[in-house]
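Student: Using the hints, position chain F against chain Z.
These protein sequences, in sequence, are chains Z and F. In our numbering, each residue's number is its place in the first sequence (first place is 1) plus 1032. In our numbering, each residue's number is its place in the second sequence (first place is 1) plus 10.
Calculated from the structure, these hints are not laboratory results. Where hints are given, some of them may not hold.
Below are the DSS-like pairs computed for lysine-lysine, each with C-alpha atoms no more than 27 Å apart in a straight line [to be verified]: (1) Lys-50/F - Lys-29/F; (2) Lys-63/F - Lys-29/F; (3) Lys-1105/Z - Lys-29/F; (4) Lys-1035/Z - Lys-29/F; (5) Lys-48/F - Lys-28/F; (6) Lys-51/F - Lys-1035/Z; (7) Lys-48/F - Lys-1035/Z.
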Amino acid sequence: AQKITQTQPGMFVQEKEAVTLDCTYDTSDPSYGLFWYKQPSSGEMIFLIYQGSYDQQNATEGRYSLNFQKARKSANLVISASQLGDSAMYFCAMRLFFSGSARQLTFGSGTQLTVLP
Amino acid sequence: DTEVTQTPKHLVMGMTNKKSLKCEQHMGHRAMYWYKQKAKKPPELMFVYSYEKLSINESVPSRFSPECPNSSLLNLHLHALQPEDSALYLCASSQERGRETQYFGPGTRLLVL
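So here's chain F without its partners, still in its complex pose:
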């Protein structure tokens, strides 16, 4: 089973709203990732969690706040976003050793008005 789930599938929010994106995996992976992807572009890494600890933060604005409550869950809290933050947000997970193949979820399409 290589399933990563993400909710919601679509999200529309205003610039003053607070919302959260959720990601879940039950593959026993201990590394989890958030990516942002604009149309026709490759994904851009935002955050990496390793054993529930934030290990990489790619200079992401503070209006994006990640959280890893346990080894299966990853959240991305959104606050005071800008229209340019509209994108596809992808979650991925991988094992901590070996190939570390990243398995992606279906993504959340976010539109900021």
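Only chain Z is shown next, with the shape it has when bound in the complex:
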């Protein structure tokens, strides 16, 4: 069975600095996708970035980049130039592509990020 681990329950970062949110995963399937979502206090889960297991390059989307280390089974999210609006809960999630439960996302426990002015 697949598992996602986020070891940082809470993180603080100064405005305009970069921050890395950790995510490790465990699966024996070779084909999978990794997702990061942001959830502000309003509740909506906002999709940020995706990395496929066969992607050669690390994914980037604006200020978000994903540091994908396949051998270490880690998919850390890097947020550059933090803004106050980045304060939120961040979830790492994984989906297997070849499985009877292919529709299901497995979520980590989340990291609460607070950006300080």
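Tutor: Coordinates of chain F only, in the frame set by chain Z:
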């Protein structure tokens, strides 16, 4: 456009009430999902619809009844809920192939008294 809408935003109901949550997407997605999320926890999958057919039911109590009237709409009918059912209910949708990135709605905050 990656918008999924949900109504109502907030709902308070008694344990004997019947209510419904609604979800709509116009992205042409053929997979739709219901999640339940407790505070400070990740979302828990409840149901998955694929091409308007229920494909996954994660052992959810029968007091929750999903319905997919068409490819754009997803309902969750609630009846005889318990206080422990109070949570944020999230709807999501995705394409049926490729990355299948799930796009979420803003959620309905449900309080059962």
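Student: All the hints need checking, so say for each whether the structure fits it.
Tutor: Hint-by-hint comparison with the structure:
no.: 1; hint: Lys-50/F - Lys-29/F; verdict: holds, 25 Å
no.: 2; hint: Lys-63/F - Lys-29/F; verdict: holds, 22 Å
no.: 3; hint: Lys-1105/Z - Lys-29/F; verdict: violated, 43 Å
no.: 4; hint: Lys-1035/Z - Lys-29/F; verdict: violated, 35 Å
no.: 5; hint: Lys-48/F - Lys-28/F; verdict: holds, 21 Å
no.: 6; hint: Lys-51/F - Lys-1035/Z; verdict: holds, 15 Å
no.: 7; hint: Lys-48/F - Lys-1035/Z; verdict: holds, 19 Å
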